[in-house]
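Trainee: Model the placement of chain P on the given structure of chain X, informed by the hints.
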Amino acid sequence: MRVQRRLVLFSFAAAVLLGVALAVAQTPAYRPPHRGDGHPDLSGIWQAFVTANWDLQDHDAQPGLHPELDGAYGAGPGGQSIVEGGEIPYQPWALAKKNDNFAKRGTVDVSNDKTWHALGDPELKCYMPGVPRATYMPYPFQIVQGSNNTILMSYEFTSATRIVRMNWTQESPADAWMGWSRGRWEGDTLVVDVTGLREETWLDRAGDFHSDKLHVIERYTLTSPYHMQYEATLDDPKVYTRPWKISFPLYRRMEKNLQLLEFKCVPFTEELLYGRFRKPGTK
Amino acid sequence: MKTAALSALAVAVLLSVPLGGQAPKRYNPPRTPWGDPDLQGVWNDATSTPLQRPNGAKDVLTDEEAADFQASLAHDLTRDRRDGGNDVDVNRAYNDHWMDARRLKITADHRTSLIVDPPDGRIPPLVPLSPERQAARAARAAANTRFNAGLPDDFTDMSLPVRCIIRTDSPPYLPTIYNNDFQIVQSPGVVAIAPEMIHSARIVYTDGRPHLARGLRQWLGDSRGRWDGPTLVVETTNFRSDDGVIFQGASSATFKITERFTRVDATSINYEFTVEDPSTWTKPWTALIPWNKIDPGEQMYEYGCHEDNFDIVHFLIGARNRQKNAR
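These protein sequences, in sequence, are chains X and P.
724 is the number of the first residue of the first sequence in the working numbering; add one for each residue after it.
626 is the number of the first residue of the second sequence in the working numbering; add one for each residue after it.
With the rest of the complex left out, here is chain X (with noise of 0.2 Å):
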């Protein structure tokens, strides 16, 4: 009896110095500090530094779609693949519309409207961007987190806003551009349900998309007063195998002073899309 309880004991010392060792290792040695209503701060002016705007998976440095124009300014930089796996699930047909899209990236037609967004990256015609890519474009987005249930996320980039409703249950009532977001908060983590998201979004420059389907969580974990962990599912039936998963840090922008400035590109965009139909000889 007495060796038994020794062993119990030791088995308990073990697994607690067990149990102590593999919550270092899983979860951020880092406990934020809480607000008055119980959770961590996420306000402020984040960014990520991947460069997955370009490409989600694996990609070599490229050249931009003039490079007889544009020279280095439009060529775009290498990158490691943020999706767990390295690669996308794609069904077979979807795979071949993103090698479609991809090459047909720069081309645009919007002289039918039933055509309108059947060509070009969505980022080339200055379209709010979706949910994820809004999270790793290379423009600085800030958190206003309210008391009131409600998270403001502002977007630099074409100035494009979501709100995140807290504890929400109301299902998304129409698609948008951003989606509709609910929130909800799991220890220390903000986790987000977006639905509801415009199927005309792609999700990086190399033509991956997704349906009207797509169903992202996402999951924000401050690991640091400067850093954030963010984390995304996407689950589409029309269009993957089965969900997968994306994950980077994100970046606190520390510049004193430093505040979203606009990023209004409609007019840096109007002459491509609206260009040709202009009054012939007026410029």
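To be clear, the hints were calculated from the coordinates, so they are not data collected in a lab.
Check before you lean on any hint, since a few could be wrong.
Simulated restraints on C-beta separations [stated by the list, open to error]:
#	chain 1	residue 1	chain 2	residue 2	range
1	P	H939	X	L995	39 to 45 Å
2	X	A897	P	D936	17 to 23 Å
3	X	L995	P	Q843	40 to 46 Å
4	X	A897	P	V715	23 to 29 Å
5	P	N711	X	P1003	31 to 37 Å
Think of the CB as a built atom: it goes at the ideal place given N, C-alpha and C, for glycine as much as any other residue.
Mentor: Coordinates of chain P only, in the frame set by chain X:
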């Protein structure tokens, strides 16, 4: 000395008595957990009260006059009218479909202008404009004329709202036919105002930081806020100047707007703004617009614009076809 101070006080008290004549009840707004007045929620500024008082109108309507005015406005706009021909009828039905019903009401105090200063309810006279600014205004007017005739040369002949660059999200906020919601979210040191149309958020810092340097210019300007008792005071400068379409044709070099947001009861905010631009108007002017909290069952939804802006292409293709057919 004491008498002078007292009479100045008396004047101030008199001025602050509202038009109805009751003494003002000072509303103590709820506070955020960090102690700022809490302006959060979704607010709507729809009203049919015009910015400027119509010529010859009295300054405040009686209850009966207000009811008549609202009834006649509803009749003018209703889709159920059939007079005026097919085009007018279709236009009424179209507008009726989109129109915010709150747009049919004038302000609860029955004013005939949103402008409260100068007392005549009108934008003050212009100062003489430089030849360059006169030329810019004339060029803008010529573009508007081409557009209204169905003959825009290109997209730059259209206004910023038609091009989906800015709509009612540029201060000062003025009510329009639809999409008059504003959602306010606060975190310590920040008040974010997200207008429904077009989906931007104005991030107002209240932490005392300076404005952007004068050389940085934005469509929506650069806003800084401070708390004056229960009131959020926001000063905005640094507007862009290259488009000739800054608010009411003001000069971006000297244009400044000061907005004051004050909760006056559980379901409304007084939104008051003063614009000043000594190189455009002979004196500053001020308007007061009530913001009403929307029904708790309602939400503010995303307003996309540019992404499905079919109209801009229809206008241009129509213009090219008209010109081809005229030859």
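Trainee: Take the hints in turn and mark each one as holding or not.
Mentor: Evaluation of the provided hints:
For P/H939 and X/L995, the Cβ-Cβ distance of about 18 Å falls outside the hinted range of 39 to 45 Å, so the restraint is violated. Range check, X/A897 to P/D936: Cβ separation about 20 Å, and the 17 to 23 Å hint holds. Range check, X/L995 to P/Q843: Cβ separation about 23 Å, and the 40 to 46 Å hint is violated. Checked against the hint of 23 to 29 Å, the C-beta distance between X/A897 and P/V715 comes to roughly 25 Å, which is consistent with it.
Taking 31 to 37 Å as the suggested C-beta distance range, the pair P/N711 and X/P1003 conforms, at roughly 33 Å.
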